[in-house]
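Undergrad: Here's the letter readout for the chains.
Protein chains: 2
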Amino acid sequence: MMKELVEKIKKEGKVLPGDIVKVDSFINHQIDVDFMEKIGEEFYKLFKNEKVTKVLTIETSGILAACETAKRFKCKVVYGKKGNHKNQSNDFYETKVYSYTKGEEYLVKVSKDYISKDDNILIIDDFLANGAAVGGMIDIINKAGAKLLGVGIIIEKGFQKGGDELRKRGIKLESLAIIDSIDIDKKIIKFRGE
Amino acid sequence: MMKELVEKIKKEGKVLPGDIVKVDSFINHQIDVDFMEKIGEEFYKLFKNEKVTKVLTIETSGILAACETAKRFKCKVVYGKKGNHKNQSNDFYETKVYSYTKGEEYLVKVSKDYISKDDNILIIDDFLANGAAVGGMIDIINKAGAKLLGVGIIIEKGFQKGGDELRKRGIKLESLAIIDSIDIDKKIIKFRGE
Numbered sequence: 001m002m003k004e005l006v007e008k009i010k011k012e013g014k015v016l017p018g019d020i021v022k023v024d025s026f027i028n029h030q031i032d033v034d035f036m037e038k039i040g041e042e043f044y045k046l047f048k049n050e051k052v053t054k055v056l057t058i059e060t061s062g063i064l065a066a067c068e069t070a071k072r073f074k075c076k077v078v079y080g081k082k083g084n085h086k087n088q089s090n091d092f093y094e095t096k097v098y099s100y101t102k103g104e105e106y107l108v109k110v111s112k113d114y115i116s117k118d119d120n121i122l123i124i125d126d127f128l129a130n131g132a133a134v135g136g137m138i139d140i141i142n143k144a145g146a147k148l149l150g151v152g153i154i155i156e157k158g159f160q161k162g163g164d165e166l167r168k169r170g171i172k173l174e175s176l177a178i179i180d181s182i183d184i185d186k187k188i189i190k191f192r193g194e
Numbered sequence: 001m002m003k004e005l006v007e008k009i010k011k012e013g014k015v016l017p018g019d020i021v022k023v024d025s026f027i028n029h030q031i032d033v034d035f036m037e038k039i040g041e042e043f044y045k046l047f048k049n050e051k052v053t054k055v056l057t058i059e060t061s062g063i064l065a066a067c068e069t070a071k072r073f074k075c076k077v078v079y080g081k082k083g084n085h086k087n088q089s090n091d092f093y094e095t096k097v098y099s100y101t102k103g104e105e106y107l108v109k110v111s112k113d114y115i116s117k118d119d120n121i122l123i124i125d126d127f128l129a130n131g132a133a134v135g136g137m138i139d140i141i142n143k144a145g146a147k148l149l150g151v152g153i154i155i156e157k158g159f160q161k162g163g164d165e166l167r168k169r170g171i172k173l174e175s176l177a178i179i180d181s182i183d184i185d186k187k188i189i190k191f192r193g194e
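Chains as they are written, first to last, in the working numbering: chain B, 1 to 194; chain W, 1 to 194.
Hints in this document: simulated from the structure, not taken from any laboratory.
Among the clues, some could well be false.
Derived DSS-like pairs: lysine-lysine, alpha-carbon spacing no greater than 25 angstroms straight-line [stated by the list, open to error]:
1. W:K51 - W:K71
2. B:K81 - W:K109
3. B:K14 - W:K117
4. B:K45 - B:K74
5. B:K187 - B:K3
6. B:K172 - B:K96
7. B:K74 - W:K187
8. B:K22 - W:K10
9. W:K117 - B:K74
10. W:K187 - B:K112
11. B:K38 - W:K38
Negatives, chain W to chain B, calculated, CB over 12 angstroms [stated by the list, open to error]:
12. E4
13. K10
14. D32
15. D34
16. N49
17. E194
For the chain W half of the interface with chain B, some residues (derived, Cβ under 10 angstroms), not all of them [stated by the list, open to error]:
18. N28
19. V55
20. S61
21. K71
22. V77
23. V78
24. K81
25. K96
26. V97
27. Y100
28. T101
29. Y114
30. D118
31. N120
32. D183
No experiment lies behind these values; they were computed from the predicted model shown.
All C-beta atoms in this analysis are idealised placements derived from N, C-alpha and C, irrespective of residue type, glycine included.
Let the sequences and hints guide you as you build the complete structure.
TA: Set out below in structure tokens:
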């Protein structure tokens, strides 16, 4: 648990119907670049014993956290591109991801040029809820024959299934803040460990 | 002209039909985080006499350059969100942008919470060709009543109209590399100043 992040979510996060916590003042729309450096530093601390060769995320809102983390591992970032059109070429690893927020499926693709079986990959993303996006990234890592070292998440919705499913599979998951419940009427967010 | 960038485009850029230069090994898909720090440093040097209060870009591929620049101005980034659905609420500034690459129009929106008439804004983006995306950002800045200080572009396609149109309007435009022509057969990219 990153205390400063929890405080920032409490101060700036907006609770909306549908168990949504909007953090668009510092992550999702406006970006607090200084704070995101601290996020990168925190992920580095949590995974620093791993030999990370690449950080993987999906566009858009996890990109800066991924980059701030990658800097500290002195490696590059690859972000999966979203699209709806199946690629005709054989140059990409592709996977389908179901977005619960939008109620639709989209394709994520990663060029075979930028991820290989020699890579040791750390996944970074801003949110983890049902785990669909992370699941898609793991699928791509498997297709490439690369090694998954772990998953770093800024905000996990602990009352949804994604996090526990990853833990059950023995995947090293580090979430900087875990939300256990959201009271929409009182606008109260309850964090794990409080 | 940023010499190191020109060298990197020559070394890693791929020339594709339709005057496309793909730089997805370090900007557009894989991100070379160390190199993007240098890009941010370069933009800072070019605009450091301006009192920038916010850096504006559109998702996705300009975000890291925008963040690296904003850090040096000690300000925040706002990235315009792409979408197709007109917003019912009155919380956003919206503009239409025509994508020549995709041959379709999309909406870009920026929350009124994160850009105001008191802001002095620097626009940062990865590519400038016809100027549609930058034009959309200027429209949003105007709608917010904010002040546009200038535009920083990583790669300008000098043979397309966007750059010259901005210069004619008296807007301070700084492009780190300007491509004057692309020879698709010989795979040669000619840069301005060479």
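Undergrad: Taking the hints in turn, state whether each one holds.
TA: To see whether the hints hold, each was checked on the structure:
{"no.": "1", "hint": "W:K51 - W:K71", "verdict": "holds (13 angstroms)"}
{"no.": "2", "hint": "B:K81 - W:K109", "verdict": "holds (20 angstroms)"}
{"no.": "3", "hint": "B:K14 - W:K117", "verdict": "holds (24 angstroms)"}
{"no.": "4", "hint": "B:K45 - B:K74", "verdict": "holds (14 angstroms)"}
{"no.": "5", "hint": "B:K187 - B:K3", "verdict": "holds (19 angstroms)"}
{"no.": "6", "hint": "B:K172 - B:K96", "verdict": "holds (23 angstroms)"}
{"no.": "7", "hint": "B:K74 - W:K187", "verdict": "violated (31 angstroms)"}
{"no.": "8", "hint": "B:K22 - W:K10", "verdict": "violated (42 angstroms)"}
{"no.": "9", "hint": "W:K117 - B:K74", "verdict": "violated (40 angstroms)"}
{"no.": "10", "hint": "W:K187 - B:K112", "verdict": "holds (22 angstroms)"}
{"no.": "11", "hint": "B:K38 - W:K38", "verdict": "holds (20 angstroms)"}
{"no.": "12", "hint": "E4", "verdict": "holds (17 angstroms)"}
{"no.": "13", "hint": "K10", "verdict": "holds (18 angstroms)"}
{"no.": "14", "hint": "D32", "verdict": "violated (6 angstroms)"}
{"no.": "15", "hint": "D34", "verdict": "violated (7 angstroms)"}
{"no.": "16", "hint": "N49", "verdict": "holds (21 angstroms)"}
{"no.": "17", "hint": "E194", "verdict": "holds (27 angstroms)"}
{"no.": "18", "hint": "N28", "verdict": "holds (9 angstroms)"}
{"no.": "19", "hint": "V55", "verdict": "holds (9 angstroms)"}
{"no.": "20", "hint": "S61", "verdict": "holds (9 angstroms)"}
{"no.": "21", "hint": "K71", "verdict": "holds (5 angstroms)"}
{"no.": "22", "hint": "V77", "verdict": "holds (4 angstroms)"}
{"no.": "23", "hint": "V78", "verdict": "holds (5 angstroms)"}
{"no.": "24", "hint": "K81", "verdict": "holds (6 angstroms)"}
{"no.": "25", "hint": "K96", "verdict": "violated (19 angstroms)"}
{"no.": "26", "hint": "V97", "verdict": "violated (16 angstroms)"}
{"no.": "27", "hint": "Y100", "verdict": "violated (17 angstroms)"}
{"no.": "28", "hint": "T101", "verdict": "violated (13 angstroms)"}
{"no.": "29", "hint": "Y114", "verdict": "holds (4 angstroms)"}
{"no.": "30", "hint": "D118", "verdict": "violated (15 angstroms)"}
{"no.": "31", "hint": "N120", "verdict": "violated (16 angstroms)"}
{"no.": "32", "hint": "D183", "verdict": "violated (23 angstroms)"}
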